[in-house]
Amino acid sequence: MGSREVSWELLQFGVAGLKNGAIYALVALGFTIVYASTNVINFAQGEFYMLGGMFATFVFAHLGLPLGLAAVAAVVATAATAVVFELLAVRPRVGGDPMTIIIVTVGGSVLLRSLARHAFGSDELALPAFSQGGSIMVGGAAIDRQTLWVWGIAALAVAALWVLYTRTRLGRAMRATAVDGEAARLVGIDTRLLVTVSFGLAAVLGAVAGLVVTPLTQTAYDVGAAIGLKGFAAAILGGLGNPVAAVVGGIVLGLLESLSVAFISSTYKDAIALAVLLLVLFLRPSGLLGRTRREKV
Amino acid sequence: MLEVAGLCAGYGHVRVLEDVSLSVGEGECVTVIGANGSGKSTLLKTLGGLLRPSAGRVALEGADVTGTPAEKLVRRGVALVPEGRRLFGPMSVAENLALGAYSRGKASTAEDLERVHTLFPVLAERASQPAATLSGGEQQMLAIGRALMSRPRLLLLDEPSLGLAPKVIASIFAVLEELRAAGLTILLVEQDARLALRHADRGYVMRTGRVVLSGRAAELAANDDVRLIYLGGGYGRDTAG
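Here the protein sequences come in this chain order: A and B. Each number in the numbering used here corresponds to the 1-based position in the first sequence with 2 added. Each number in the numbering used here corresponds to the 1-based position in the second sequence with 2 added.
Bear in mind the hints are in silico, worked out from the structure with no lab data behind them. No false leads were slipped in.
Rough simulated footprint, nothing fancy, chain A against chain B, three-plus residues with beta-carbon under 8 angstroms:
(1) 75–82
(2) 90–99
Over the 10 angstroms line for every Cβ pair with chain A, so calculated as not near, a few chain B residues:
(3) 37
(4) 61
(5) 64
(6) 65
(7) 164
(8) 167
(9) 174
(10) 212
(11) 215
(12) 218
(13) 220
To give an idea of the chain B side of the interface with chain A (calculated C-beta under 7 angstroms), a few residues:
(14) 52
(15) 72
(16) 102
(17) 104
(18) 105
For every residue, glycine included, the Cβ atom is placed at its ideal position computed from N, Cα and C.
Full structure from sequences and hints, please.
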């Protein structure tokens, strides 16, 4: 095997890593947004990803809407589900013991998974690719058209979030609440409302990730747990609570997985996220980009 | 302006405030003094809406506001400058001030910003700097400036002198005098009793969660017990609380 072929092969792994990394980044952003407003890990985040794909396939196949509309409908439906879940199950517990809220989100994830199984069945479901045509060749590496959609939509979502955070009143309030919830209340920010908003926003990002990847991987009622773990690992890897870190963490995790497939074996691919999670928690709990935070009394 | 009657509050099952009653008249500067752990900060947190009282009544300009949360109280003209300043550290000075006006929605804040900049010119110089990079005194100025951005009629101040150099304290209290002259009502919690009594009209002395003494500031400053315990009268200071 020539050295040129080896480097094309590496590029091919890089493409796969960046594709998965983009998805992980979106899911990690969901974790980070909810964490910033509640200081709690939302273990139902993976289910938002699942619901995005499932709603999209359902609307597309059974209601006959065009793909673009089906995607929008799926995102809206997922966000609505998340908001209802927050209002009914999380809000009554906001301000109490964070552990209670964490357990509630674990319960919520089991509930959403069972509901999805009842509503959509246990078969794998698919969506057609967003645009037709063969892969695009970059030298010796092939890039699937749907991968370009994944990158494009992930980039768009991150850009939109960036504008929200830096250019809007709501975004400024969200950042302030992440820094100091009590101080935020003192200037008049309704931090409870922001918890609801953050669940909605996290669901939008999860759903977008879930539906854009469905043409590549298919989806099923039980895909949430695995992606939840990876998104969580990515968020921890970057540093919880920081959106930039979530994106970096996602991409790094995706690339690490790909490299492990390239150099070790695909058998261990799914173990990488767990290994990363444990290593970061042991060695650098604040994440790659995180600064060690002093606890306030 | 503010009437507090029989207020009890605490954290969980630990009760800190016991039957506290006090009043603050329109345009008055009233101080609450007392040693560490006497419940002064808990009182201010409760009045600022961060803590729900377990008993008692709080009336603001005649209307019952007992248990009204902070985010709503600020819309009724009460602003708390919390202990430890509680700035949004990674955000710029300008953003902190803009957030101070959050409760006023999309209303124009140019005039208020100008006023704060006139009171604390250093905040204009440091507008784009992260709040966390300011000196202690500048941070306290920003905390007060942020509170003023909500156009309060009642300003609750928790330990504004804490950890600051005498010169800085003097300049901050000069601004408070200016605000008072402009008609702002102030409730000031201070550990530095001498300083507080010099600037206030009236004062309340707290001890283990209760008001044990009250009166005109000059009378309190002349009171033997207060002098002994809170104005640095020797050994008494350490056993006060």
